[in-house]
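**Student:** Chains as they are written, first to last, in this note's numbering: chain A, 123 to 481; chain B, -14 to 105; chain C, -16 to 106.
Just so you know, these hints were derived from the structure itself, not from any lab.
These numbers come from a predicted model, not from an experiment.
There's no promise every hint is true.
[What the hints assert, rightly or not] Each computed EDC-like pair below joins lysine to aspartate or glutamate, with the alpha-carbon atoms no more than 20 Å apart:
#: 1; chain 1: A; residue 1: 252; chain 2: A; residue 2: 301
#: 2; chain 1: A; residue 1: 275; chain 2: B; residue 2: 48
#: 3; chain 1: C; residue 1: 20; chain 2: A; residue 2: 438
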Amino acid sequence: MSKRTIVPFGPQHPVLPEPIHLDLVLEDEKVVEAIPSIGFVHRGLEKLVEKKEFTEYVYVAERICGICSFMHGMGYCQAVENIMGIKIPERAEYLRTLWAELSRIHSHLLWLGLLADAFGFESLFMHCWKLREQILDVFESTTGGRVIFSVCKIGGVRKDIDQDTLKGIVAVIDKMQKELKELTDVFIEDYSVKHRLVGVGVLTKQEAHEVGAVGPMMRASGINQDMRKLGYAAYKYLDFEPVVENDGDCYARTLVRIREIYQSMDLIRQCAAKMPEGEIEEKFKGMPSGERFERLEQPRGEVIYYVKANGTKFLDRVRVRTPTFTNVPALLKILQGCDLADVPMMVLTIDPCISCTER
Amino acid sequence: MSVLRFSGYIIKNLFQKPATSMYPLKKQKCFDRTRGHISIDIDACVFCGMCSRKCPSGAIGVDRQVKQWDIERLKCIQCSCCVEVCPKKCLSMKNAYTAPSVGSVKDVFHARVPDNQPNS
Amino acid sequence: MVDKQTIIEVKVDELVDKAVLMKGQGYRLVQISCTYKENFEITYSFDKDYELVHYRIHVERDEEILSISQIFFSAFIYENELKDLFGVKIKDIAIDYEGGLYRVAKKAPFAPQNKEEEEAKHV
């Protein structure tokens, strides 16, 4: 047996925008074991619910993460609405879905850029982020914020989108789709890109189920599960199928996310076509009482909001179980037996969002 | 062909203008809905203090006695919660971003005291 | 169209058996969460085909419970979280950080820190 070495990876590392630390136990160049450690940016946002009123907590929930901010606000609102039995207007449901799908495109493009950066393809990274900028402009013109939208509120949404802007969004999406096709072809077909991704970090279907992987990580391993199929918001009116790949390697995870961008574009078109006229918010009275688990599909996978209310304006407990937190055991699984040089690739393909993880 | 897929882009980039704009020299365009900063029409304000109670980050301070309304610009998170709760609709969201600064900036507004009343 | 959610209350010593049963039926561990109300209220959620099953146990502050990370490996991360944030005593965790998963300034910040906070929770 050769000598074992422990190599620290992170919290500061070129591929990591956010701090996570891994102790990699190496035998020559092979990783035998990895021990993660997080908690560098833990903010205790779940505890803050005891000091903020339940209507105000939406703003806090949105600020859990800077990438999937809209869906955090939406998930929290949905949980409270379901406890209180509020039925939000159909138009609000569609608007939420529209913003959620735009968020998914922007998140996946950001991730594609980071992936390109991780294997040293800087110009591809720049181009992905250039495309993403168009989505951010759509956000700014419709909600007022580029990253934090503050448009979700309990009972509906705060801003409406008129018909012309909707057409504008669809036009942006159509234009983007052509440019995106050229970029994603590079990811799918380029020799050097494939060389870094194919066969690296394989997570079999069985393993994915055992370690409880979620989101694109799970779907890349052949498990057909997408929380959007639960039919929350306007997804019950829309037509789509979860994107599934079977290989379970880094390449499959990239493919799943690329195909999900196209799927989101399609969903946005469906939303724009089917959006009914009407109110955008439902007025409500009273305080929530009861508890509920609410599940949503974020760009990174399934997220769970647990809200426990006691009939006053302060909630007892809010818990957010974010997808990255659940994917950490899966990361440990794929790190076992890989080469040290592939570690950044694998850490990146779980799409780590450490701010989410450390609410 | 699976190699040199990106070369077309690279050659195009050589002859194109930069995609980014020269930011401080060229002013960035803002959308109508952009949440930039809060502004107040101080003469319409009745100093009820609703905005300061509802502000999630506690950036707004209201003093009814001396008729003062103040906001800490760096504490404000631009959620426009105060704009919604204001009963007199004297608060509004302007689309220009707050200017960058190195320390905390507190903007203080006082209600104008009419000439024929004694200054309390 | 809101689905009904039922939370099944179980005794502390039944929990491991339930976990084995869930594993045998092909369920996936979705999350473990904790709320402090007089005592720790720990909820284990399992999923199969978009259906959630919740098991809840009530644990006193000084009571020690068994980890289920030997059955569901991914439980280790949630159990360490409970340990760090609430100070729940859990033994035999697959990877035990001994309170080092989160770098928190004070021990068990989510559990009541003193008598007054404790009494406020008993209402």
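**Student:** Against each hint, give a clear statement of whether it holds in the structure.
**Tutor:** Against the structure, the hints come out as follows:
Between residue 252 of chain A and residue 301 of chain A the alpha-carbon distance is near 11 Å, which keeps this suggested pair within the 20 Å criterion. A threshold of 20 Å between alpha carbons decides the hint, and for residue 275 of chain A with residue 48 of chain B the separation of about 29 Å lies outside it, so the pair is violated. For the proposed pair residue 20 of chain C and residue 438 of chain A, the alpha carbon gap of about 9 Å is at most 20 Å, so the pair holds.
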